[in-house]
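Asks: Chains as they are written, first to last, in this note's numbering: chain A, 774 to 1205; chain B, -18 to 75.
If you are wondering where the hints come from, they were derived from the structure by calculation, not from laboratory data. Note that CB positions come from ideal geometry on N, CA and C, so glycine has one too. Some hints could be false.
[Claimed, not checked] For each label pair, taking beta carbons as the anchor points, the in silico distance ranges come out as:
#1 B:Glu29 x A:Asp962: 36 to 44 Å
#2 A:Asn1106 x B:Met(-18): 35 to 43 Å
#3 A:Glu919 x B:Lys(-6): 23 to 31 Å
#4 A:Glu919 x B:Lys8: 32 to 40 Å
#5 A:Thr975 x B:Asn31: 45 to 53 Å
#6 B:Ser16 x A:Leu1080: 26 to 34 Å
#7 B:Lys8 x A:Asn971: 37 to 45 Å
#8 A:Glu907 x B:Asp60: 23 to 31 Å
#9 B:Lys(-6) x A:Arg801: 27 to 35 Å
#10 B:Asn31 x A:Phe852: 38 to 46 Å
#11 A:Glu917 x B:Ser34: 40 to 48 Å
[Unchecked claim] The list that follows gives simulated cross-link-like pairs (lysine-lysine, DSBU-like), each with its CA atoms no further than 35 Å apart:
#12 B:Lys(-6) x A:Lys890
#13 A:Lys1058 x B:Lys73
#14 B:Lys26 x A:Lys1000
#15 A:Lys944 x B:Lys8
#16 A:Lys949 x A:Lys1018
#17 A:Lys1044 x A:Lys867
#18 A:Lys1000 x A:Lys1152
#19 B:Lys17 x A:Lys1044
#20 B:Lys26 x A:Lys915
#21 A:Lys1044 x B:Lys10
#22 B:Lys73 x A:Lys867
#23 A:Lys831 x B:Lys(-6)
[Unchecked claim] Stretch by stretch, here's where chain A covers chain B in the computed footprint (C-beta under 8 Å, at least three residues):
#24 17 to 24
#25 66 to 73
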Amino acid sequence: MLKQENKTDVIVVGAGPAGIACAITLARNGKEVVLIERGLFAGSKNVFGGAIYTQPTKEIFPNFEQEAPVERRTVQHNFAILGEVDSTTISYRKNDNSSYSVIRGKFDRWAAEEARKAGVYLVEETVVRELIKEKNKIIGVKTELESFYSDIVIIADGVNSLLAKQIGLRKNIETKDVALSVKEVIKLDKDIINQRFNVKDTEGVITEIFGGSMLGILGLGFLYTNKDSVSIGLGITLNELVESKISPYEYLEKLKQHPSIAPLIEGGELKEYSAHLIPEGGYKKIPKLTANGVMVVGDAAMLVNNLHWEGTNLAMISGKLAAETAVEALDNNDFSKKMLSNYEKRLKESFIIKDMRTYKDLMDVMHSRKSAFLSYYFKKINSFFEMFTSVNSVPKKTNFRNFIKSIFTDRSIVELFKDCTAVIKLLWSILA
Amino acid sequence: MSTNIDNKLYTLKYSTDTESHLKITDKEKCRLCTSKNCTYICPAKVYEWNPDSQEIIINFENCLECGACRIACEKKVIDWQYPKGTKGVTFKQG
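Start from the sequences and build out the full structure, keeping to the hints where you can.
Replies: Given below as C-alpha cells:
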C-alpha cells in the first residue's frame, strides 16, 4: 500500500513506452510510483508500425530479447519506391539483432507487468481528466472517480496530450504537424511469410514504402513481418488528407492493391484495423517540457524522428531521463521548474534533441518541395530502371539520351534548380 | 485482399458507452462549414453529414480515439475527450 493515502512520490499518466520506462526507472530507484493507464490494459490504446530497437530497449529492459513477447528479429530493411504500376527496391540485409517487430498489445502489456513487478502501482481503466494545481505547482491528478496526489506528475499521455494542453505547456497542434496513420494486421501462415520474405521463422523484414498511392503527398507506408501476420499501413500528414479530401483508408486500400505489394499480402485475412496520430512537427514544435511539479515525455512531448522511423526509442529514453531527474528532485525535495529543467538539459545532451535539431528543417523542405521529392523523382527513378532494363531494339544511346532529355522536359529548369538548392540547403542544415 | 471500412471496423473490440465522448459545441458552425473535413479524414467514418437535418451525425461507437478530427476541424467545434476508462476501443494488436 501507499505510505500515505492517495499521495505518492510520482504519478505517471499513460502506460506507453515513455510512461512505462519512466515508472520502472523510478521504482528501481526505490521511489513510489503510480502509473495510470486509461485502457483496459497497457497497450490497448497504443498503435505503431512496428518495431522496437534493441539498444534503447535494453537500457530499460536488459533481457527483453529473451523475456519479452517479440515477433521477429529484423534481418532485412527494404526501401521500396513505388511508381504508379512499377517499383524500385533497395534492400539491406544483415543477420543481426538491431530491432524486433512487436505487437503493442502484447509487448506493452508485458512491459507494464515488468514495471508492476519492480514495484510500480499500475492502475488501469482509469482516465486522468485533469491535473490539480496549487500555488502554481502541479500537485496531483483528478481521475473520473478520485484524486491522486504526488510530488511530481509525469505527462506521458501520448500525441494528443490533453494534459499538457490543459496547463498551457503546448499550443494547439496544426494539421501539418501530425500524420494520421492507418494500419492493418493481416494474418498469414508463418511458412507463407517465410517464403514471401525469404526469411526463417524468427527472422523478419521491414519495408518502408515511398510513393504508390502516396505519390506527391507527404506520406510514408510500411510493412512489418510478425510471427504469423504482417502489419501494413501508412501515415499521411493531416493537412494532405484535408486537402485531398480522400479518406486515409482509401489510400491504404490503393497501396494494398499496388502490383508490388498485393502479392505479399495475398490470401491474408484481416486481423485488426487501427489508426493513430504521429507527431511530426519536429524540433520546432516540441512543447514546453517542464513546469513546477511536472515533466512531459514521449509522444506527448512530440519526440519523433520521422525520417528514421524512430519514436518508441525516443519515448523510452525520454521517460528514463525524466525519471532520473525525478529521483534527483525527490532526493533534494525540490520540485520546482528550475530543478526539473535538468530533464531538458539531459534531453539536450542526449541523441534525442540532437537528432531533432539535425532534422529541424526537413519537414519545411518536404512540405514546400513535395511534388518534386515525393512524386517527380520517384517516378524518374522507376523510369530510369524501366529504360535500363528494356530490350526493344532501340540503340542504348538513344534510350539514355531520351531519358536525360525527359528530365528537362518534364520539369522546368527553374524548378530543377530550386530542387537542387533545397537539397543542398537541407544537407547543409543536417550536416552543419 | 481488399476490405471496406465497415469490415475493417468489424475487426475491433469495442465497449460502447451510452453517451458520446465526442460532441459538437456549435452545430450552426457545421452548417456554415464548407469543407466538412471530419466527414472524410476520420479513419473510422465517425462523422456523417445529414442533409435533411442539416447536422453532423456522430457515430462515436466507431471511434478509434486517434484525435485527427479535433485537429482537422476547421471551425474548432469538436469537443474531444477520451472515453471513460472502461469504454471505447481496445486494440489487441496495435
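Asks: None of the hints should be skipped; say for each whether it holds.
Replies: The hints, checked one at a time:
1. B:Glu29 x A:Asp962: 36 to 44 Å: 38 Å, holds
2. A:Asn1106 x B:Met(-18): 35 to 43 Å: Taking Cβ atoms as reference, asparagine 1106 (chain A) and methionine -18 (chain B) lie about 59 Å apart, which means the hint is violated.
3. A:Glu919 x B:Lys(-6): 23 to 31 Å: At roughly 27 Å between Cβ atoms, lysine -6 (chain B) and glutamate 919 (chain A) fall inside 23 to 31 Å, so the hint holds.
4. A:Glu919 x B:Lys8: 32 to 40 Å: With Cβ atoms ~34 Å apart, the hint holds.
5. A:Thr975 x B:Asn31: 45 to 53 Å: 51 Å, holds
6. B:Ser16 x A:Leu1080: 26 to 34 Å: 30 Å, holds
7. B:Lys8 x A:Asn971: 37 to 45 Å: Since lysine 8 (chain B) and asparagine 971 (chain A) have Cβ atoms about 55 Å apart, the given range 37 to 45 Å is violated.
8. A:Glu907 x B:Asp60: 23 to 31 Å: Taking Cβ atoms as reference, glutamate 907 (chain A) and aspartate 60 (chain B) lie about 27 Å apart, which means the hint holds.
9. B:Lys(-6) x A:Arg801: 27 to 35 Å: About 33 Å separates the Cβ atoms of lysine -6 (chain B) and arginine 801 (chain A), which means 27 to 35 Å holds.
10. B:Asn31 x A:Phe852: 38 to 46 Å: For asparagine 31 (chain B) and phenylalanine 852 (chain A) the Cβ distance comes to about 45 Å; the hint holds.
11. A:Glu917 x B:Ser34: 40 to 48 Å: Violated, since glutamate 917 (chain A) and serine 34 (chain B) (Cβ atoms, about 32 Å apart) do not stay within the stated range.
12. B:Lys(-6) x A:Lys890: 28 Å, holds
13. A:Lys1058 x B:Lys73: 31 Å, holds
14. B:Lys26 x A:Lys1000: Distance of about 31 Å is within 35 Å: holds.
15. A:Lys944 x B:Lys8: Roughly 25 Å between the alpha carbons, so the hint for lysine 944 (chain A) and lysine 8 (chain B) holds.
16. A:Lys949 x A:Lys1018: 15 Å, holds
17. A:Lys1044 x A:Lys867: 30 Å, holds
18. A:Lys1000 x A:Lys1152: 34 Å, holds
19. B:Lys17 x A:Lys1044: 31 Å, holds
20. B:Lys26 x A:Lys915: 31 Å, holds
21. A:Lys1044 x B:Lys10: Cα-Cα ~38 Å, so violated.
22. B:Lys73 x A:Lys867: 31 Å, holds
23. A:Lys831 x B:Lys(-6): Distance of about 32 Å is within 35 Å: holds.
24. 17 to 24: Check passed, 5 qualifying residues.
25. 66 to 73: holds (count 7)
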